[in-house]
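Visitor: Which chain is which? The protein sequence lines are U and P, in order. First residue of the first sequence: 1, per the numbering used here; consecutive thereafter. First residue of the second sequence: 1001, per the numbering used here; consecutive thereafter.
Since the hints were derived computationally from the structure, they do not count as laboratory data. There's no promise every hint is true.
[Said to hold, decoys possible] In the BS3-like style, the derived pairs of lysine-lysine whose C-alpha atoms are separated by at most 25 Å in a straight line are:
1) K406(U) with K1199(P)
2) K1116(P) with K1010(P)
3) K2(U) with K1116(P)
4) K406(U) with K1122(P)
[Claimed, not checked] Residues of chain U clear of chain P, computed beta-carbon distances all greater than 12 Å:
5) I7
6) A8
7) H15
8) R64
9) K90
10) A116
11) L217
12) I373
13) T386
14) K406
15) L497
16) I500
We put the beta carbon where it would ideally sit given N, CA and C, even for glycine.
Chain by chain, the residues:
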Amino acid sequence: MKLVFTIAWRNIQRHRRKSAVIGVILFLGAAVMTVGNGVLSGMDRGLSDSIINRFTGQVVVLSRTQERDGVIITAMGKSIEVIKGYAEIKKVLDSQDYIARYLPVGRGITMVLNEAGDMGFTSLIGADFEAYQSMFLNNVQLVEGRFLKKGERGILITEGNRKEIFLNQNFWIQPEGVPVRDAALPDEAKEHRDTLDVRESVVLMGASSENASLDILAPVKGVVRYEYLDKFWRYFNIIDMESFREAFQYVTASDAKVKLDEKKSRIMESENLDYLFGGNVISNTDSAGGYNVRAMVKRDRKAGDAAGVDSGAYNVVFIKLKKGVSIDGAVDRLEKALKNTEGRAVSWKKAAGEIAELATIIRGALFGFVMFIFFVAIIIIMNTLTMTALERVSELGMMRAVGAQKGFISRMFLTETFILSFAFGGAGMLFGIVIVAILNALGITTDNSVLQLLFGGDVFSPFIDFRDVMVGIAELSLVTVLAAIYPIRVTRRITPLEAIARD
Amino acid sequence: MNIIELSGIKKDYPLGNTTVNALRGVDLNIEEGGFLSIIGPSGSGKTTLLNLIGCVDTPTEGSVKIAGQEITTMSDEELTDTRLYRVGFIFQTFNLIPVLNLLENVEFPLLLMKDKKHRLPKSVIRERAEKLVAEVGLSDFMHHRPAELSGGQRQRVAIARALVTNPDIVLADEPTANLDSETGATILNLMKQLNETEKTTFVFSTHDPDVLKYARRIVKIRDGLITETVEN
């Protein structure tokens, strides 16, 4: 081996110019690869931080009757099925040792109404807010007002959604008892500051799977924003679970507490349900096109009514896994465990739908770019090595003539390539690591939503760890081997006779 | 006992659309410890014959046996091992490894020997190489690279390299072509000594009458055929 190494090393020195060409390509390729891997790792870590840790968990349980997996970003008008038999699912989740924690929530799209008949849409997450904050690392940050208290009814409107509602429906939402902060107003609102329609509650009309609807008045307790990826999550307002269930006509905790007398039970069992709804449980829209919003509010029950009672009407369960548990493995195991329930498990990527897809596309494009660089590097290195091999026919043929096996020639050539690869490629990797560190130190931020996905958050934080370095070395080795295969085949075909004939 | 047995050897080379018949039916036996010279005009087939004996080429037709082993049926690996362990080849040109110094070039074949029977300790390899370098008169140039040596010096390195493995057969294509008469005589005496003490078989292709004086047998070749064999 020493002989092979000696000859290889001296040949590199002898063919300095060609070695330098290969070296520069390897250096640049390794540097680009390292930065690319750093960006990909940063993106993975950032997305994990921004989406998994702060919005979805790693696994999501949906209703078995839910057709589309993407329940986070849903098509307008598509309702999300209620998970039936949550109690059974809860038992299963409690028994899985790889699950760190979980949170059942309501997830749906509601209409936002005003008296003029203008309709807007907004996304709702119905949840126990304290549990939500605890599960998702306090991702919801207060801008105005206050957070929802335990058992309290009300809604937290996002900053982005408040502006959207103002632009579409011409009223400005303020938390209860909190004066308007001029700095928060958009320019359009500032122009009409004196006549600004300020409201401390919103009327929401949810759509159930049976297309029945119910209007609810939700008092606004606070205006919030998401600490991570607010650009994507800003349409997700958080409402208490009881109000959510009312808006979507799920069984509420209050409903669950009601005990019917014998007569009412008989009516319920009859098919003439019109009799039952003879009252004003379901609101009717004004055929003239306007809504008397204040009149629509029929109930002002407190979520506290539901103390100790859980109707179990949820449509999404977010699950966080214990450290080191594989997501795909957990989905498979959970899917098996949920076999006899009405729930099914999907990965966060499937649940997040378009966002995860976009992130995957960006990741794929970046990976493709790095691979393209490698491909170009392989071609150039291969050509240069082949030229070197052909220039050395006489020398290599003579080695074969005095007894060197083909394997010796292959090892010698491969050693030359590996020395170049590790010297220049290693330097390129170190350079890439320095670039990644500099990019990290610069703390580049962006408001662009696509770049936010690439960054895995608002701040560009490429990241290299030991695993990335190992992957880089493996990639570099692969490039070296692939680039050397053809030239080695050329050298193995050189016969002693060619050496003699050439002379 | 014959160490080289050639029977009905034909060798054709394609040359454009035609075929060159380099050897047209050669039969030749060379006994172990022989000292044979092949002579003939340019293009007569001398080098082709040496290449076949040296296992760097295979015949189109016929049989070549080295130490009783048929080489025409050998794999590339076996042919390479035969070259390494049995044959020392002195090329018409010098063919040294440019990145190794004089001593390392001489050591090279010994360093390739990996099987237990032939493998030598590094110190023995160095000692043997230094001794041969001294015998070809290049002790002062041990650490020079080939590019720093004259043509004659390089030829002597090639001779030392061919002899260092103590091969059964040494093949030499115009071995003294680049040497002055005094150095040529020294080298030939060294070969003669090896021939007598080690029973090494020497086969030369040459035009040099001084070399012919050393040969015990002279084979004349013309147009790919042996025309005459003379005992010297």
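Visitor: Hints first: check each against the structure and report whether it holds.
Guide: Going through the hints against the structure:
1. K406(U) with K1199(P): violated, 31 Å
2. K1116(P) with K1010(P): violated, 37 Å
3. K2(U) with K1116(P): Distance of about 18 Å is within 25 Å: holds.
4. K406(U) with K1122(P): Roughly 23 Å separates the two Cα atoms, so the pair holds.
5. I7: Its Cβ does come within 12 Å of chain P, the nearest being 6 Å, so this is violated.
6. A8: violated, 9 Å
7. H15: Per Cβ check, H15(U) is inside 12 Å of chain P; nearest 10 Å; violated.
8. R64: holds, 64 Å
9. K90: Holds, because the least Cβ-Cβ distance between K90(U) and chain P comes to about 69 Å, which exceeds 12 Å.
10. A116: holds, 89 Å
11. L217: The claim holds: L217(U) sits with its nearest Cβ about 88 Å from chain P, beyond 12 Å.
12. I373: holds, 32 Å
13. T386: holds, 20 Å
14. K406: The claim breaks: K406(U) does not keep its Cβ more than 12 Å from every Cβ of chain P (closest is about 7 Å).
15. L497: Label violated. Min Cβ-Cβ 5 Å, cutoff 12 Å.
16. I500: violated, 6 Å
Violated hints for the displayed structure, listed by number in ascending order: 1, 2, 5, 6, 7, 14, 15 and 16.
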